[in-house]
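Keeping their order, the protein sequence lines are chains H and F. Sequential numbering from 1 applies to the first sequence in my numbering. Sequential numbering from 1 applies to the second sequence in my numbering.
Keep in mind the hints are simulated off the structure, nothing from the lab. Misleading hints may appear alongside valid ones.
To be verified - Label-pair distances were calculated between CB atoms; the ranges are:
hint, chain 1, residue 1, chain 2, residue 2, range
1, F, L267, H, G128, 41 to 49 Å
2, F, G106, H, G149, 30 to 38 Å
3, H, F232, F, R150, 51 to 59 Å
4, F, D142, H, F232, 37 to 45 Å
5, H, D15, F, E217, 34 to 42 Å
6, F, N165, H, A126, 44 to 52 Å
Glycine is no exception: its CB is placed at the ideal position from the N, C-alpha and C atoms.
2 protein chains.
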Amino acid sequence: MARIVQKFGGTSVGDPDRIRNVATKVKREVDRGNQVAVVVSAMAGTTDQLIGYTRALSDRPDPCEYDVVVSTGEQVTIGLLAIALQSIGVPARSWTGWQLPVRTDGVHAKARIEGVGTEAILADMAQGRVAVVPGFQGVTDDGRVTTLGRGGSDTSAVALAAALNADRCDIYTDVDGVYTADPRIVSKARKLERITYEEMLESASLGAKVLQTRAVEMGMKHHVRIQVLSSFEDVPGTLVVDEDEIVEQEIVSGITYSRDEAKITLLKVPDQPGVAAAIFGPLADGNINVDMIVQNVSEDGATTDLTFTVSRGDMARAIEVLEASGRTLGFERIASDPNVVKVSVIGVGMRSHAGVAKLMFQTLSEKGINIQVISTSEIKVSVLIAEDYTELALRALHTAYGLDAD
Amino acid sequence: MARIVQKFGGTSVGDPDRIRNVATKVKREVDRGNQVAVVVSAMAGTTDQLIGYTRALSDRPDPCEYDVVVSTGEQVTIGLLAIALQSIGVPARSWTGWQLPVRTDGVHAKARIEGVGTEAILADMAQGRVAVVPGFQGVTDDGRVTTLGRGGSDTSAVALAAALNADRCDIYTDVDGVYTADPRIVSKARKLERITYEEMLESASLGAKVLQTRAVEMGMKHHVRIQVLSSFEDVPGTLVVDEDEIVEQEIVSGITYSRDEAKITLLKVPDQPGVAAAIFGPLADGNINVDMIVQNVSEDGATTDLTFTVSRGDMARAIEVLEASGRTLGFERIASDPNVVKVSVIGVGMRSHAGVAKLMFQTLSEKGINIQVISTSEIKVSVLIAEDYTELALRALHTAYGLDAD
Numbered sequence: 001m002a003r004i005v006q007k008f009g010g011t012s013v014g015d016p017d018r019i020r021n022v023a024t025k026v027k028r029e030v031d032r033g034n035q036v037a038v039v040v041s042a043m044a045g046t047t048d049q050l051i052g053y054t055r056a057l058s059d060r061p062d063p064c065e066y067d068v069v070v071s072t073g074e075q076v077t078i079g080l081l082a083i084a085l086q087s088i089g090v091p092a093r094s095w096t097g098w099q100l101p102v103r104t105d106g107v108h109a110k111a112r113i114e115g116v117g118t119e120a121i122l123a124d125m126a127q128g129r130v131a132v133v134p135g136f137q138g139v140t141d142d143g144r145v146t147t148l149g150r151g152g153s154d155t156s157a158v159a160l161a162a163a164l165n166a167d168r169c170d171i172y173t174d175v176d177g178v179y180t181a182d183p184r185i186v187s188k189a190r191k192l193e194r195i196t197y198e199e200m201l202e203s204a205s206l207g208a209k210v211l212q213t214r215a216v217e218m219g220m221k222h223h224v225r226i227q228v229l230s231s232f233e234d235v236p237g238t239l240v241v242d243e244d245e246i247v248e249q250e251i252v253s254g255i256t257y258s259r260d261e262a263k264i265t266l267l268k269v270p271d272q273p274g275v276a277a278a279i280f281g282p283l284a285d286g287n288i289n290v291d292m293i294v295q296n297v298s299e300d301g302a303t304t305d306l307t308f309t310v311s312r313g314d315m316a317r318a319i320e321v322l323e324a325s326g327r328t329l330g331f332e333r334i335a336s337d338p339n340v341v342k343v344s345v346i347g348v349g350m351r352s353h354a355g356v357a358k359l360m361f362q363t364l365s366e367k368g369i370n371i372q373v374i375s376t377s378e379i380k381v382s383v384l385i386a387e388d389y390t391e392l393a394l395r396a397l398h399t400a401y402g403l404d405a406d
Numbered sequence: 001m002a003r004i005v006q007k008f009g010g011t012s013v014g015d016p017d018r019i020r021n022v023a024t025k026v027k028r029e030v031d032r033g034n035q036v037a038v039v040v041s042a043m044a045g046t047t048d049q050l051i052g053y054t055r056a057l058s059d060r061p062d063p064c065e066y067d068v069v070v071s072t073g074e075q076v077t078i079g080l081l082a083i084a085l086q087s088i089g090v091p092a093r094s095w096t097g098w099q100l101p102v103r104t105d106g107v108h109a110k111a112r113i114e115g116v117g118t119e120a121i122l123a124d125m126a127q128g129r130v131a132v133v134p135g136f137q138g139v140t141d142d143g144r145v146t147t148l149g150r151g152g153s154d155t156s157a158v159a160l161a162a163a164l165n166a167d168r169c170d171i172y173t174d175v176d177g178v179y180t181a182d183p184r185i186v187s188k189a190r191k192l193e194r195i196t197y198e199e200m201l202e203s204a205s206l207g208a209k210v211l212q213t214r215a216v217e218m219g220m221k222h223h224v225r226i227q228v229l230s231s232f233e234d235v236p237g238t239l240v241v242d243e244d245e246i247v248e249q250e251i252v253s254g255i256t257y258s259r260d261e262a263k264i265t266l267l268k269v270p271d272q273p274g275v276a277a278a279i280f281g282p283l284a285d286g287n288i289n290v291d292m293i294v295q296n297v298s299e300d301g302a303t304t305d306l307t308f309t310v311s312r313g314d315m316a317r318a319i320e321v322l323e324a325s326g327r328t329l330g331f332e333r334i335a336s337d338p339n340v341v342k343v344s345v346i347g348v349g350m351r352s353h354a355g356v357a358k359l360m361f362q363t364l365s366e367k368g369i370n371i372q373v374i375s376t377s378e379i380k381v382s383v384l385i386a387e388d389y390t391e392l393a394l395r396a397l398h399t400a401y402g403l404d405a406d
């Protein structure tokens with residue numbers, strides 16, 4: 001017997017027929033003799049509609065009341081799934097965020113889970129009853145309704161799995177797992193059987209949007225084994241686990257890319273202390289995230305060129321901010337390019353293996369692809385290249401690192 | 001300064017624009033220096049949609065889970081109205097049924113209110129803040145969500161007004177008050193300034209569907225002055241009050257009618273003790289309500305004819321039930337007529353005035369209208385007539401009792 005938390009997203013519970021389909025997936029785990037709790041999102045589209053109502057009434061709706069409104073979508077689906085389960089003979093009951101409770105801090109619309117009451121669910125499990133719990137919602141210590149922000153249901157599920165000390169947290173979604181690369185581009189991409197939390201975090205923040213980052217972080221912290229799998233196809237998914245659970249670790253687990261990049265270069269910036277702070281301070285104040293940064297070696301000893309990337313949607317605003325403070329900064333001019341892509345090679349194995357970056361540069365060079373910016377972390381090497389080369393680069397790297405399917 | 005509970009129905013909060021309109025009506029009461037709490041229904045159509053989801057999943061959805069689902073509509077509107085009020089400068093916050101709490105019994109989907117916690121709302125009022133409260137929903141002592149059944153929001157509002165000891169409970173709806181007769185039929189019908197609870201109860205159960213019966217009963221019990229008025233037109237409504245608040249009581253306050261009637265006659269029923277019980281017992285068992293009953297004087301001393309009315313939708317089933325038990329009952333045959341209407345004259349004044357029924361019979365006779373069945377209560381006289389005469393009868397009676405507008 002295992003204890004399992006299953007989580008189904010908005011598409012999976014999008015209408016009564018799909019909710020019935022979810023119920024059969026829950027029943028299967030119950031029939032295997034497992035103890036099951038289920039976390040559900042709102043029906044696809046519901047949350048957006050509710051948010052639309054609040055925005056129609058105010059440009060800046062009170063976050064407390066916003067939460068009262070948008071948390072209702074999940075209350076609908078917990079009741080409906082409980083009904084669907086009962087109708088196929090599976091004992092079930094719903095628990096709202098305030099009933100359990102799912103305790104959060106008071107940062108409305110972006111609350112963080114502080115604890116999950118498990119007494120009721122454990123009692124349900126002991127009686128063979130399935131507890132159906134809403135994702136996304138919680139309650140403060142003084143009894144106000146909160147929500148976790150977009151995608152928070154993954155986090156709810158992992159937090160519940162941690163609190164219940166569950167053997168596994170199954171996240172059902174519209175993809176069937178995590179791949180070595182985007183299969184729409186790299187036809188030889190393989191589904192990974194396992195991936196580490198760290199690699200998953202790098203993938204998530206780099207554009208392989210399968211699992212919410214906060215959910216992965218929570219899984220890593222509490223050692224929750226997370227499985228990503230398909231709601232619609234009946235195949236095993238990908239397990240996200242601790243590094244020591246992966247026996248034969250490959251050096252590189254995947255190649256990812258992000259098109260949401262734009263490159264900005266400040267030419268002939270005075271090469272003196274404090275200039276970086278003077279540039280990046282105003283950008284941070286303007287809520288613009290800067291990602292890769294590279295500063296050239298100064299040629300004349302007096303000025304240097306500074307290149308960095310921002311997300312594509314922020315490029316115009318970033319240039320405005322920089323031009324506004326241009327006089328103080330004293331650079332000569334700004335060059336910008338939105339037609340760039342960030343390609344990354346990810347793998348915890350590179351901690352103990354040299355030559356990973358070298359193979360990347362060599363491979364790209366052989367294909368005649370120019371590297372514009374490089375950045376590295378412990379388990380990843382990223383390069384910025386011209387967007388036109390995206391597919392070529394991904395396929396070449398996938399082959400070079402031995403990831404191609406047979 | 002007065003303390004007022006305002007209640008707005010589903011049509012009044014049907015979309016963000018209408019919610020804004022509701023907010024201005026609340027603001028007006030606040031600007032007059034009044035303490036205000038507001039009760040709202042779900043957006044028109046929402047509850048039906050939610051009920052539809054539960055029915056799509058089960059013929060007999062668990063009432064506990066049904067309540068979890070259908071109670072969400074009101075949670076949406078309390079949050080939205082709070083946002084709308086704040087956006088026009090009126091301090092406001094929402095309170096769900098479980099937050100206050102609105103305590104009910106455990107009869108899910110048809111719960112009865114047992115008490116309303118007022119501490120939070122009184123604190124809001126003391127600070128000049130408007131409390132926005134959901135109609136229809138409550139919570140049991142063990143923390144499960146309940147709903148009051150269709151139309152329960154009126155009851156929620158009156159219960160809250162009673163608990164707050166409010167000066168008035170304003171029920172905003174899509175009619176602008178209670179009339180002496182249906183204005184679509186009787187063009188000279190007048191809007192009543194005041195009406196007693198008793199008259200309102202008789203009107204409500206007779207088809208003038210303005211206020212939910214349970215809400216009127218609760219108002220009567222707790223002496224809550226209820227005003228029925230329009231959400232869309234800015235005119236005074238009708239006050240529903242204790243009899244002693246009406247200084248110059250007219251003998252008759254209104255003429256109502258109900259088309260939802262069907263007449264059934266059992267011919268040549270044996271005239272002996274126990275036969276009525278033998279007839280009406282099976283109907284009651286079949287959940288068929290019998291309204292007016294008349295038994296003719298026996299001609300031959302051995303058999304009699306028995307006539308009664310049921311609601312039109314129950315007629316066929318009632319006949320089936322009676323035919324099934326026909327052999328035991330021993331009547332000769334069944335005659336039935338769905339083309340009948342019940343017309344009633346209502347007024348607390350008739351307690352102290354004779355001749356009210358006589359004037360009714362005389363007036364109908366003068367117009368050549370045959371009375372098929374008569375029934376009376378302390379404050380009402382009802383007759384069953386052929387449906388074709390409905391309009392003629394209503395207009396003639398309206399004039400005869402001196403109710404016509406100038």
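So, going through the hints one by one against the coordinates:
1. F/L267 to H/G128: 41 to 49 Å: violated (59 Å)
2. F/G106 to H/G149: 30 to 38 Å: Hint holds: Cβ distance 35 Å, inside 30 to 38 Å.
3. H/F232 to F/R150: 51 to 59 Å: violated (37 Å)
4. F/D142 to H/F232: 37 to 45 Å: At roughly 38 Å between Cβ atoms, H/F232 and F/D142 fall inside 37 to 45 Å, so the hint holds.
5. H/D15 to F/E217: 34 to 42 Å: holds (40 Å)
6. F/N165 to H/A126: 44 to 52 Å: Since F/N165 and H/A126 have Cβ atoms about 46 Å apart, the given range 44 to 52 Å holds.
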